[in-house]
Amino acid sequence: MVTMGNRVAYTLDSTLDSVNKVEQTAEQLAVKVGFPEEDLHKITMSVREAAVNAVLHGNAYDPNKKITVAFETASDSLAITITDQGKGLSEKDVPDPLAEENIMKTSGRGIFLIKAFMDEVNIRDLHPGTEITLVKHKSVPSEDAKES
Amino acid sequence: MSLKSSSRQVDGVTILDLSGRITLGEGSVVLRDTIRELLGKGDKKILLNLGDVTYIDSSGIGELVSAYTAVRKEGGDLKLLNLTKKVHDLLQITKLYTVFDVKDDEAAAIAAYAK
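So the sequences go chain by chain: F and W.
Using the working numbering, read the first sequence as starting at 5 and increasing by one per residue.
Using the working numbering, read the second sequence as starting at 11 and increasing by one per residue.
In short, the hints are calculated from the structure, not lab data.
It is possible that some hints are incorrect.
Stated by the list, open to error - Per the computed footprint, the stretches of chain F lying under chain W, defined by three or more beta-carbons under 8 Å from a beta-carbon of chain W, are:
(1) 94-101
(2) 128-136
Said to hold, decoys possible - Restraint-style ranges between C-beta atoms, simulated for each label pair:
(3) G38(F) <-> D43(W): 19 to 25 Å
(4) K91(F) <-> A117(W): 49 to 55 Å
(5) N126(F) <-> K83(W): 36 to 42 Å
(6) R11(F) <-> G50(W): 30 to 36 Å
(7) P40(F) <-> S29(W): 38 to 44 Å
(8) P40(F) <-> I103(W): 46 to 52 Å
(9) P99(F) <-> Q102(W): 15 to 21 Å
Glycine included, every Cβ here is placed at the ideal spot set by N, Cα and C.
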């Protein structure tokens, strides 16, 4: 684990245990930032999906390949960057899970759900490897909500 | 918390009461094996009670689709009961809500198999 200011980074094996650890850490940090319950679910699920992609689709559970995960907290946001050492992912090659021919497929919804739940998603093909950065901002209560 | 499953029979319908998480790994495997076992015994009217399922990831969604397809392939029917808001929202945004027959009342769900 490497800690610098509000940034903490881990290098982890390509296992499901790592996925669970990443998910738990994301939840702890999201609670610390003060995200509401509904956002906690969106954040933990998105981070889990990204970690699964890195471990399973990226590194293919290869014991010689690692994932790195960096969490950066601010007073009003949480950013998570996950990098794998796999063959790389091109966003344009990810099929649309809402297309009629894909609705009944048993996989292929991870990236879609991440994009639906997070405020910013950036995917970089590292040739080889993939880096995905997810950002969630704390929503500011509206004036009406403050008064009620 | 992993997935726990118990089954009961009501009017020829097998109700699977699930609790915990349906995620990649153990949770998905439990669901897959249970459905396979029921189909092997000839139980083709299956109602998945998801009221105590706290979390489903995309792998879990895929497992629900797989279960639905497997049951239909055997000439049976699989319905969903008692979705939490999280699971309901997930099925909505993935456009699967209209694929599954979703019920929020057990008696009505069982009656629907007879139709």
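Tested hints:
1. Counting residues of the segment 94-101 of chain F whose C-beta sits closer than 8 Å to any C-beta of chain W gives 1, which falls short of three, so the coverage hint is violated.
2. A count of 0 residues in the segment 128-136 of chain F with a Cβ less than 8 Å from any Cβ of chain W is obtained; the coverage claim is therefore unmet, three being the minimum.
3. Distance hint check for G38(F) and D43(W): the Cβ-Cβ separation is about 40 Å, which falls outside the suggested range of 19 to 25 Å.
4. Roughly 52 Å separates the CB atoms of K91(F) and A117(W), a value that falls within the hinted 49 to 55 Å.
5. One distance hint, 36 to 42 Å for the beta-carbon pair N126(F) and K83(W), holds here, with the actual separation near 40 Å.
6. The beta-carbon spacing between R11(F) and G50(W), approximately 51 Å, falls outside the hinted interval of 30 to 36 Å.
7. In this structure the hint that P40(F) and S29(W) lie 38 to 44 Å apart at CB is violated, the actual value being about 25 Å.
8. The hinted window of 46 to 52 Å between P40(F) and I103(W) is violated, with their beta carbons roughly 19 Å apart.
9. Distance hint for P99(F) and Q102(W): a CB-CB separation of about 20 Å, consistent with the stated range 15 to 21 Å.
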